[in-house]
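Make one complex out of these two single chains by using the hints.
Chains as they are written, first to last, in this note's numbering: chain A, 1 to 462; chain B, 1001 to 1355.
No wet-lab data here; the hints were simulated from the structure. Predicted model, so just to flag it, every value in this text is computed and none were measured. Heads up, the beta-carbon is just placed ideally off N, CA and C, and yes, glycines get one too. Don't take each hint at face value.
With a cut-off of at most 27 Å between alpha-carbon atoms, the simulated DSSO-like pairs for lysine-lysine come out as follows [unchecked claim]: (1) A:Lys81 x A:Lys402; (2) A:Lys283 x A:Lys268; (3) A:Lys402 x A:Lys76; (4) B:Lys1272 x A:Lys37; (5) B:Lys1278 x A:Lys37; (6) A:Lys142 x B:Lys1272; (7) A:Lys268 x A:Lys248; (8) A:Lys81 x A:Lys283; (9) B:Lys1278 x B:Lys1097.
Covered, in the sense of this in silico footprint (three residues per stretch, anywhere, with C-beta under 8 Å from a C-beta of chain B), are these stretches of chain A [unchecked claim]: (10) 45-58; (11) 101-110; (12) 128-135; (13) 171-180; (14) 245-254.
Covered stretches of chain B (chain A as the covering partner; in silico rule of three or more C-beta atoms under 8 Å from a C-beta of chain A) [as the list claims (entries may be wrong)]: (15) 1021-1031; (16) 1058-1069; (17) 1185-1199.
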Amino acid sequence: MTSPDIAIIGGGNAALCAAITAAEAGARVLILETAPKPYRGGNSRHTRNFRCMHHGPLGPLVDSYTEEEYLADLMKVTGGKTDEGLARLAIRTSEECLPWMEEHGVRFQPSLSGTLSLARTNAFFLGGGKSLVNAYYLTAGKLGVQVEYEAAVTHLELDDDRVTRIDYTQNGQTHTITPKAVVVASGGFQADTDWLARAWGPAAKNFLIRGTPYNRGVVLADLLDQGIEQVGDPTQCHAVAIDGRAPKFDGGIVTRLDCVPFSIVVNKDAQRFYDEGEDVWPKRYAIWGRLVAAQPDQVGYVIIDAKSLELFMPSVFPPIKADTLEELADQMGLPADALVQTVTEFNKSCGDTSGFHPTELDGVTTTGLTPPKTNWARPITEPPFYGYSLRTGVTFTYLGLKVDETAQCAIGNRPVTNLWAAGETMAGSILGQGYLAGFGMTIGTVFGRIAGKEAAAHANAN
Amino acid sequence: MQMQTDLLQEARRQAEICNACRYCEGYCSVFPALHAERAFSDGDLTQLANLCHNCRGCYYACQYTAPHEFDLNLPQALANVRQDSWEELAFPRAAGKAFQKNGVLIAVATVIGFALLFWAARALASGGGVGFYAVLSHNAMVAIFLPAFLFPLVSIAVSLRRYWRHIGAGPFRPAHLIEALRQAANMKNLKGGHGDGCNFEDEDRFTHARRAVHQAVMYGFLLCFAATSTATVMHYIFDMPAPYGLFSLPKLLGLSGGILLVVGCFEMIRLKLRSDRKLGAAGAFGGEVAFIGLLGFTGFSGLALYALGQTSVMPVLLAIHLGAVLTFFLFTPFTKMAHGFYRLTALTADAGRSR
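Next comes chain B alone, as it looks inside the complex (with noise of 0.2 Å):
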């Protein structure tokens, strides 16, 4: 993989400043991480920026950036290289070289999405199934999403395999990812080491704003899936096909996780307007936001079908809600979605390292 040298070179600078100081130590994981080198590889760097979580608290606590010569700004830097690993990483690579930065193209897709679901459902028709299969039918929902769901899946599998070799990282344990499903779960990077939360959207003040909409859209998300996931399993196994009512364990979870990624989106895209961009990978803010906002939509056309799921807009609805989850999940691999994945694996290993 080629990697931009320019990015790798100016992290590499940065880092060697910051391994001569310390004074971050505290702040998250990259910084043990950095200590423990003397000399850093191209893989590296690339760990330590998929590390960083972009708390910033390196950046506001630096006596080097800039005016001064040194001109630090790490989480800059290191969000340069994250991105770009995403980019190189993404299989097939063209499509993360086409959709991490680009807002207006994810944008375009979402829509291409809605055509397509419109499309099905006047082409497949319903073979009269009732409530949403009567709009499209079941197996015919299956037929699109199958596919969609797996694709991604591989797409993501090709490229942490990528990403385990480039870095070097050793064998692979269970109790490592577990440790890093633990960090994760609790969004550790984001509370700054002294628990007082991180920098992002008022200079140096911390605040948990950043973390608690994080969770908010991390585990938003993860209800949504489950709810989605339930339901497959009544489908299947029970014999119990939709649709459910509101005591049902796909609408409650679905009904919470919808109404914690709508508000979580919202807010983390308020956050980001507020936050420096200057302290985060060049050009990839449209992309992000692009991102978040698509996320967002798709919680909310699924509360909003839940809504008015019983009068005569549900059709439409229906084609909408289902075009931004197919658009969502094809695009997982391609979009800021890729980033928990990474986290993840860069997590793991460091729990290798670090043990």
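One chain only, chain A, in its complex shape (with noise of 0.2 Å):
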């Protein structure tokens, strides 16, 4: 094969954003996507919203949403823990994103049913992110961008400040290219568990992972290990609670379950752990990762009873099921003695729940309770009782590559002269801990598009 001026590794929205803006700025491109055509797109597959500034209407966005309302949106989510230069950058950007979007194939379409909070803030797209990275593969394909699938990139060679080779395999075969420049956007680690292991510790093999398992960071390792600049704190993963049935890979959206602020959640030992009602769950989701991480064996269990069953969205796997919690306990494989005295004494600590109202914030609590339920608490006594299980879903990783404001890569104090990265890969230059809806596909969309560019004008110019 000749080589491309551009050659794009990975095949999600900031890959497709970069190869777009750089078919259009002249360059001849090429992606080089490790997934095979069906799983094409990486974690951007399974996003739905693109979290978006706006002064005014604008596309399906109500309202207006400004900078500093964003960004302290982002500040809350990360702690602080933001570089608030290339945060300003996205956030600023994103505005213009929107309506190149539409240009480029993508759809928006009102907020989806059970997530109206985000009608002012949030983009959807119609259909979701496969749509997206449907669209974007037949502007791509118009454009001429030149695509192979199932082609996984094992080495970048460096020489100085530059990167002048790439070898990939596909079907067995080994294959080089010298493109004049270089994007990267083929996501985080997470998808190699053993990785994830060493930097998290053995209970990450019992993770599921909720996206691709494609992302397995070996480009990220490749270039780490040659001494590209690195960002973000290695040994962390972004990681929600999940149904604990869900596949090892992939699961995606369908997994959430939303029943805890109605529930108890107990550990294998039928022990309670936490507060289940200390806050609405969209604001809570992520922390149960955590919890259920730090339980033996990372697992948790949910209870409810019959009069909970309709208040949350219905899950992708039918809750367990049983008459008496005893029941529920052996099926579950809980120890039934220690589930029924957990329930009996939270039952005790329940007082008046006339007050109870599952959308805000009620203020029903447990008194004497250790530790307490702060909000909808409500004894578990009417049967059917239900359960699920809890796993610690990992969304993405936080260790990724440095860049600046030119989405350009560094090596010691220099930039890399023709190396750019967009996405997952490089968000933990913006994001140190945290995350907030829709704001992945903002970072992805807006460095994609710088990458793009200034990949292109390189490319041009040599």
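In structure tokens form, the structure reads like this:
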């Protein structure tokens, strides 16, 4: 194959935004996607919205969402561990991205049922992230972008401050190309559970991976080993509590469970370990990933009764159901006596439940219980009883490539002259911890476009 | 009625996964109706299946299609239930079972239709009429076609009543039917929610091809039907029997409708041949194509009859055309033609649900 002007490693949102932008600037672009075609798109195929600053109504978004409010939301979830300069760049640029996305085939819709709280801040993709990915592949194809699937990049050869060569394998054959510029947009390393276990400890072997099995961090490791600047806590990942029966990989959105606030959650010894009613679920599902990870065998069990069954979004797998708590404990592999005792104690500490309100902090709390349940605390008394298991589901990792405001990578104190990064693989440059819904797609779109533009300028000049 | 439980169970399994995801909410009428339920009865699934226009937007947008272990293919799952419901609800049921999926039988029936008309032309003769009535008298035509027209109407009425009960729809309101007609008139459910059309002939690319072709077939058919209706009114009420000139209402309607119908059916078959059959009902492809062929041939033979009506082949063409019309009408409840009635009923029930 003749080498392209620009090679883009990865096939998700950031890669596609870079490819389209570079191709529109006149460059010959090759996408190397490690997944087979049905699984193309990395974690973008599981996404559903784009968080977007806007002054006045924009596309599907209502009212306004200012830079300051957006930044404040981000600072809150990251506890201030944010690169403010890059964050402001992403936020500010997001407004022009939305019309750009529409021009390149993405279609939006009013926010989905169950997510009305995001109607002002997040633009939802009609059909979800895979439809966005499909639209971008069609657009890229029309622009002459070449796509190779099942093309696994194994090595980038560095000569001082320049990438001179890319090696990849496809159908058991090794290929080498020598593009003028390279964009890395191949995500984090969360699908490599050995790496996760090295970083987090052996408990990580019990984690489920919510997204693509193809984000194994091969290119990330290759570059970091060669001294490319890194960013982000290498031991940390973003994790949430999901249905324990979810597949090991790629379970995506459907494995979420929204019933924790109406439940008690116990560990495998049938003991409670945290306030289930601390806050509304969208603000708490992320900490529950860590809470469950800290329990024996990294598993939790949600217990609810009949009166709570219809208060939350339907689950992908039906709950385990029993007429008595003892039976439920048996079916879930919990010690029955201990579960009955935990529920009895909990029920005794519930007080007046007349103020119960499922969608707001209702202050219906337990008294004299440790840990307490500070909202939605209703006794679990009405059969049949229902249970779900909970496991830790990893969304993404924070370790990544450090980039500047032009999305360019660095080695020592100097930029690598022909290497840019976009998307999850550099998101650690902005997000130190935590996560804000729809911000991953913002980072991917903004920095994908920047990387594509810079790479094309470099390729066109050389 | 006894719908196939394995088809229903597979649709239920898939609907439950969809209900936990909801990404496809904006595509069509199926998803808002699906998301309104927590559990899916056989009636709910039958209604969802008949709301589905097989636009395939949800399939290509789905994160959970094969090789993913969830193996979602909602267009196919609903198409299977839909096909099964048409067979089971048909009156008489055996006719639905026999013909819905069987293209060969539809073709055989068409030939029998031709033969019947040839026999009628020979046996009953004209009794001194002019034009077409020289081949077969007006009264003979009425004697053949009135029952052939009324029987399907009765059959479909029985089926729709069964359908309405099966899905547990509320009371019928004309306003809901008007809403359903409005959606059918512009084929809203093949527009894809964003207005870019549907996925069909070219994987995940959205186009208006199928919608445009469906409109050509539907409006072509309606124009042809209007032509016959106008002629009937002119014959009985205004005492203006056929033949009619080119600038008469029956001819103008019939000619434009016939052209639309022929072009539409031809293009529909071409699109179908390019589409992925795994996203449709298993085993129904032959029956569908045979039906579209019959419908297109009915239009084509009508046009041929118009073009060659003054020549010596007219009697043969007339028998062939009327034979096709006869088969088409008689088989309306037992072929893909039934889908229009079920869709309209499903849309009416859905308008009632969402009010």
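### Structure-inconsistent hints, enumerated in ascending order
Violated: hint 13 alone.
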